[in-house]
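Novice: Can you build the whole structure from these sequences, using the hints too?
Taken in order, the sequence shown gives residues 3 to 221; the numbers are from my numbering.
It should be emphasised that the hints constitute simulated quantities derived from the structure, not laboratory data.
Take these hints with a grain of salt, some might be off.
Below are the DSSO-like pairs computed for lysine-lysine, each with C-alpha atoms no more than 30 angstroms apart in a straight line [unchecked claim]:
#1 Lys131 to Lys58
#2 Lys203 to Lys116
#3 Lys131 to Lys203
#4 Lys58 to Lys82
#5 Lys107 to Lys82
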Amino acid sequence: MTRFSTTVEDVQNIPQGGVRLLLRRENAGETDTWYEEDFDHLVVATGHNSVPRVPKIPGLEAWNGSLQHASTWRSAQEFKGKKILVVGTSESAIDLVLQSLPHAKGDIHVSQRKPHPRYPNVFDRPGVKLVTTIDHFTEDSIHLDDGSVLGGIDVVVFATGYFYTYPFLSNVRPPVSCRSLVCPEREKQVGSPMRPNLTCKATTKGNWSYFLIRWGSIN
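Specialist: Dropping the structure here:
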């Protein structure tokens, strides 16, 4: 049974086994309905790509240009005629840069901390200029760690991943941490013998998620 307009706000273990969920149902134009319900097992399949991670860089709040995270990017047309800097070199950055090349103004600058482990040369092409990491921002310029300065950038796009956050699991015991969701204690990378009533799906990083979702479904 699917319940629409309903969110899980809290999860707690119950002595007799299973879990107790605190649920909130949104009612259009009315007060939300809060209620509890017990279940034998909880499968968390929300993923973890929802809370953008943006690094804390000195001067970022003073920057007068446009800032966005790759999670909000929808079309290469967004950058038509604009000079852009992409921070990060993983999958999102690769998609964004390669699709935006025909539309961006001049070279697309890519701030790289280290090459992509599987595609180290993906940005070795005309129209892409690799630069080092950012030291600080000013109102109209970006200062890099090697001492060089970028000016005239219209948009800075952070392709810097996401935070692992599951606030509704904060009361589960033993405590659920980001590490416990991805560490080897998890049986077939979907569950833990420490929490037999809780299964988490797709909590690994990168493209491994798709492999492990299939693995978990057939084992």
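Novice: Going through the numbered hints above, which ones does this structure break? Give me the numbers in ascending order.
Specialist: 3
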